[in-house]
Amino acid sequence: MSTGELLEEKALPLNAEAAETIPERNSGRLVSKFLLSFLDVGET
Amino acid sequence: MLLRDALVVYLAFDTSYRGLSFTQESIAELPEGTSPPSLETLRYQVRWVLQNLAHELLPPLLGDLEKIYRNRDKAFWPIAFAATILVFSCIEQIQALSFEHLDNPFEYVSQVDEGTIARIMQSFHLRYRTHRADSVGLNPFSDSFSFAEEPGFDTSTKRMVHDLQKIMGAGMFVNRLRSYLS
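These protein sequence lines are chains A and B, in that order. Quick note: the first sequence uses the numbering used here, first residue 14, plus one each step. Quick note: the second sequence uses the numbering used here, first residue 185, plus one each step.
Derived by calculation from the structure, the hints in this document are not laboratory data. Because the structure is a prediction, the values reported are computed rather than measured. Backbone N, C-alpha and C fix where the C-beta goes; we use that ideal spot for every residue, glycine too. Certain hints may be false.
If you want a taste of the chain B side facing chain A, the calculated C-beta under 7 Å gives, among others [claimed, not checked]:
1. Ile269
2. Glu276
3. Ala302
4. Met305
5. Ser307
Construct the entire structure; sequences and hints are all you get.
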């Protein structure tokens with residue numbers, strides 16, 4: 014499988030629903046992702 | 185400087201989407217005999233200029249962000265944290281714009297998420313560590329984190345973390361975010 018096909022495959026799950034979840038303007042999706050990443054950073 | 189630059193890029197993007205309005209003063213400044221351009225033309229031109237400015241300033245900003253991560257000094261943690269939030273807002277704005285300009289924006293969004301965004305987050309969490317011998321990722325939002333045991337944070341940083349903790353600690357909020365991002 015070529016890199017392009019792999020990327021396309023990765024993008025596929027987005028295609029079905031992302032049109033409704035990615036608006037024209039910034040929704041804070043990436044900032045939310047950054048904040049949520051702290052939940053996986055352990056102290057122990 | 186980093187935070188100021190990040191704010192400039194963020195404001196350039198944000199302002200590019202705001203509406204324009206004429207004032208008596210701005211109309212008076214037009215040369216005599218010229219008719220004012222249409223609001224649509226002005227809006228398009230201002231949007232174009234501001235978005236180009238933001239695109240131009242973003243790459244050096246990413247370089248500066250990487251430099252401050254490398255510093256590893258916890259005194260810079262709040263600046264790096266706030267600048268990262270602003271940079272992510274700008275990158276998401278570019279992703280949103282790709283829906284106007286690219287044939288396959290989903291592929292682009294996916295590539296940026298898995299490339300640039302993943303790299304920045306990994307770099308952030310790898311560089312900022314606790315001071316302990318068994319040093320692990322520094323996480324002031326964790327329940328087990330104690331400012332008393334982790335020196336180097338000023339009062340305004342503690343206040344910012346406390347305010348964010350109140351939001352992030354709300355289970356319903358986190359669950360909603362998780363389902364939104366999944």
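Taking the hints in turn, this is what the structure says about them:
1. Ile269: Holds: closest Cβ of chain A sits about 5 Å from Ile269 (chain B), inside 7 Å.
2. Glu276: holds (4 Å)
3. Ala302: Not OK, violated: Ala302 (chain B) not within 7 Å of chain A, min 9 Å.
4. Met305: holds (5 Å)
5. Ser307: Violated, about 12 Å.
Checked against the numbered hints above, the structure violates hints 3 and 5; every other hint is satisfied.
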